[in-house]
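**Student:** Listed below, chain by chain, are the residues.
Number of protein chains: 2
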Amino acid sequence: MGIMEPVSKKKVTITDNFFGFYTRLARETMIPYQWEVLNDRVIDAEPSHAVKNFKIAAGLEKGDFYGFVFQDSDVAKWLEAVGYSLMTHPDPELEKTADEIIDLIEKAQCPDGYLDTYYIINKNEKRWSNLCECHELYCAGHLIEAAVAYYEATGKDKLLKIACRFADLIDSVFGPEEGKIKGYPGHQEIELALVKLYKVTKNPKYLKLSTFFINERGKEPNYFIYEWEHVRGKVSHWSRREEPAPNLEYNQAHKPARQQEKAVGHAVRAVYMYSAMADIAYETADNELFEALKRLWRNITQRQMYITGGIGSTRHGEAFTFDYDLPNDTIYAETCASIGLVFFAHRMLKMHLSGEYGDVIEKVLYNLLPGSMSLNGREFFYVNPLEVWPKACDKDPGKHHVKPVRQKWFSCACCPPNIARLLTSLGDYIYSVNRDTLFTHLYIGGEVETEICNSKVLIRQNSKYPYQGEVNLTVLVDEPLNFNLALRIPSWCWNYELYINGQKQNYETKGGYAILNEKWNNGDNVKIIMDMPVEIMASNPKVRENAGKVCIMRGPLVYCIEEVDNGPNLSAITLCTDKELKTEKSKDLPDGTVIITGEGVRNVEDEWDDTLYRPYRKIKTLPVRIKAIPYYLWGNRGRGEMQVWIRGK
Amino acid sequence: MGIMEPVSKKKVTITDNFFGFYTRLARETMIPYQWEVLNDRVIDAEPSHAVKNFKIAAGLEKGDFYGFVFQDSDVAKWLEAVGYSLMTHPDPELEKTADEIIDLIEKAQCPDGYLDTYYIINKNEKRWSNLCECHELYCAGHLIEAAVAYYEATGKDKLLKIACRFADLIDSVFGPEEGKIKGYPGHQEIELALVKLYKVTKNPKYLKLSTFFINERGKEPNYFIYEWEHVRGKVSHWSRREEPAPNLEYNQAHKPARQQEKAVGHAVRAVYMYSAMADIAYETADNELFEALKRLWRNITQRQMYITGGIGSTRHGEAFTFDYDLPNDTIYAETCASIGLVFFAHRMLKMHLSGEYGDVIEKVLYNLLPGSMSLNGREFFYVNPLEVWPKACDKDPGKHHVKPVRQKWFSCACCPPNIARLLTSLGDYIYSVNRDTLFTHLYIGGEVETEICNSKVLIRQNSKYPYQGEVNLTVLVDEPLNFNLALRIPSWCWNYELYINGQKQNYETKGGYAILNEKWNNGDNVKIIMDMPVEIMASNPKVRENAGKVCIMRGPLVYCIEEVDNGPNLSAITLCTDKELKTEKSKDLPDGTVIITGEGVRNVEDEWDDTLYRPYRKIKTLPVRIKAIPYYLWGNRGRGEMQVWIRGK
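Which chain is which? The protein sequence lines are A and B, in order.
Following the working numbering, the numbering of the first sequence begins with 5 at its first residue and continues without gaps.
Following the working numbering, the numbering of the second sequence begins with 5 at its first residue and continues without gaps.
Hints were generated in silico from the structure; no laboratory data involved.
Check before you lean on any hint, since a few could be wrong.
Just so you know, same-sequence chains aren't split out, so a pair can sit in one copy or run between any two.
[Claimed, not checked] Keeping only pairs whose Cα atoms sit at most 35 Å apart, straight-line, the calculated DSBU-like set for lysine-lysine is:
#1 K624 - K298
#2 K460 - K298
#3 K586 - K546
#4 K583 - K653
#5 K395 - K238
All values derive from a computational prediction rather than experimental measurement.
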């Protein structure tokens, strides 16, 4: 049922100002920095111990396991990012480091293929006894993803063999057959990894196992309830004592996956599961699964997604809550969840030509994702708020989880290596092809090389996105070739013009794409000029948190106001929506940053003295000039307040 | 340092429409209903077991202790309310019931005077070993308060003797002397109770012990840290295992009480402590303590108090957070905390003539307090929100503690009997006297009898407060008498007129009181007409939660909008502040209720379809008629949304 295949990152280069910077940061700073962290060599950062756990499991060092039960996955995600990086940017030193850690992983693996340092160090006693809370299958999934990436990058199959041995063991333990465990992971991840393993090994048993995990999930009698009652004696891994039965919505096990209507529970688990479901729908042409995914996609993007691309409204279970519940200050919006949303969108796009997927990927890529890291590539957000009052983060226990400054590392460090693996694989998301069409989903400058109608095609994209709406594509072909060039028209764009070699074109869009059917000559130029005015946005009135508030956007970029530009107490400011908003070059943010200024009023605090409440008729306001910066750059000029949704009048 | 003494509730009758109703409800419904609950005879209510615990402790029944460690206090608070009720409304049946429970309490008391059913049933093993978490001294305090009330009401001293025996035991265990414990209660309460015991017994050791508890609190080395480390082996009563050192701010033990600058920690504990400090400051003329209390009072009322009189912004520790942090929907604002604030205000008023104390008492009495119970007197709020979205209460774990409907009882049932004891002692709060002045703090209709200048004075107050601003006071004296009649001018009142026997008077106010110095003849009429227009209120801009929002008030009453009158999604409504607001009689609320209507606009939801965010320029609004009802009546017409702070334009 697929309609197009992404062009591999191997065939794509990224060179524009925006993602050229971020992908270089990932390669040159994040990967080396994270290696240092994984080896506990960064002062003042939360300890990782992840590499050391492997050394202890391999018998090379003495000691206890340290960290979360899923600590292994940090190493695997780092290795996966290394694999992606090596695909486009060979680096013998880095490859040597990776080979060494792979040797270590091999040494830690048990003779039967089992590989999870938490259980190995703790004598393997309770393997598979707490699927719901402990993350063996999750860690296995990340190991598999790393193995596939590293094999595809280097052709070296040591890690792939390790992963296959482990996957084979898992296949012998889980499944519908008599005597096998009818369970599935507490934290979904292995499902999508097994599809990758299937695709690289062509062994259908991995696809079958993945499908088993998805189909078994949420069936009655519920495995997690059974496990809680009969396998682990109601004892929780976390509290080490008896606890009530698990909350099944939390890990999307409340009903069969294909019957689920709304995104619920832990947001990362949800989108990882939906990604796997999309893989299976694609590989097995399972239309029922695909219809379920469309429902879940709509529920997220039309009911439960922040304007920055964040998902997961509450820290309680790092979870979705309910439709239109999108608080800005008690928000969770975990970085990993939005990365998983990109995975989900990318897979849906293979089956369903619709601009909405690219719109959401773009929303995450230009807002939440770069916002989740500092410009030096060494500090990260786990939680991505749309409103921050540092004092409340310090003093209100309901906001302690929101950090006003990015952190060097986390005890639960899922996010930083996830950012690294997304940035190093960003090439995957820009273009797709089918028999006769090359689709451009994102306006990221660089080159792509692919084949259409059995002919080699090279496209050179020149883009100053997200700050300018003009993009130029140069078509390079060996000889004139007839094919479609499909260009996504972003949903933020109300007016655009298309030119081929300077001649204005009129094209209808289909599913959010302008499809240019031409016989292309070598060197043909396609120019798209998207009007990129400042736009004041409002929320659906059902989003109560944003009632009376507006958000400034320009192109794909969400803007915010910061204390450093607008003084303390941002909530006292109202934007005059009927006055012109102006763009300016920034003086204290990276070159090329466009900031926005506008007119507003501010409630005067001076005259209040020591009163909390006074007649409204006595309230005074003063005009102020409001300065807004792109959201993704917030928090780079010191600790202070930030607000995306501003009162408007 | 006292400047006036309250006239005892024994000398005051309450007969007006408002508090005549609520005090009758307390006597005729709440006290009998709560007795049924304490005996576990109310179907569908949370079990209490409080009476049964005493029976088990007395050896009359077998069984285990059930409930919170402070379950005894529910019985004591009920008995205290019974005492107050009997003072003005003798009831032999009720008195018989009370005598029986007192007999039971006597049987439960240990030979050495100890009396706490949790420890008695659990074999007395760990008495005084966890002052920080377990509530022995708190329960002792409530027992003492009950004993004093019952003795003053009936002259019967059995309970008083029980209380004295227990207090004597406590005095032998705690104190500065060698060999005594240098500790103090985790939950303050006994401090103010001991002052009451001192006043009724005239035994100074009780005042001394109370002063010891206050002065010892927060000294270094900290007793709670010492106890945690050396007495209870770091084990928590609640989790039954080792826990980190206690949070000292939580129970106001972070620094000596008299050095505290801001209200912090558990709100009920805080205001109970401040009340005791005020008692001690008054009894011992301790000016340093009084200055500390003025600071703490100002911090609460000028920085941390909701417009309804609620205090305690967060459920995390049922606590104060920080200045200007007053969220409406994640609020705590426990009923007991505002009752404790009334206790605190009432004690400050004895030392400091200022209308602010009466203003706050009035704010609580006409808003939070009646709002915390249903009109049938059988359902209660523990948490008193200013904004409720029932769906969020159900689905957002950060709002689960906010209930959209009043409950029949609570596993932690501190609030309902606290309401009962405040209402039955309401007479204490209306008038004070000193040598030559009678102060009227509250405009509650009824009569007061007292002595001024050694002569009997009777004042008959006729009031339709809070709905009408005209109040008439008739002075009844045996012969003409020169004295001051001081009338509090509420802070909400911007214009008022004063008449004596129909003649308009001009009086300057002093400290918020108009002081009428006259030679009064029998039957003289004093009329005060307070303008009571509808007033739109705003919050200090530092209260971020209320930015852009207004609150409708009239006189002392805070108004709110409800879904039943204004449709779902109240946050979509904006009040037009420049249009006239009108008062109307309500058709579906109790007789005499004045509702307020005004013009507003509502964001139209229809056209949004499945979009979450759209350009602001495309947003449409429709005019709507807004209907607001007094806050204290919310939630009496079914489950639905409610909002006090409304967007204003």
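**Student:** Against each hint, give a clear statement of whether it holds in the structure.
**Tutor:** Right, here's what the structure says about each hint:
no.	hint	result
1	K624 - K298	between (50 Å within a copy, 30 Å between copies)
2	K460 - K298	within (34 Å within a copy, 82 Å between copies)
3	K586 - K546	both (30 Å within a copy, 28 Å between copies)
4	K583 - K653	both (10 Å within a copy, 17 Å between copies)
5	K395 - K238	between (40 Å within a copy, 31 Å between copies)
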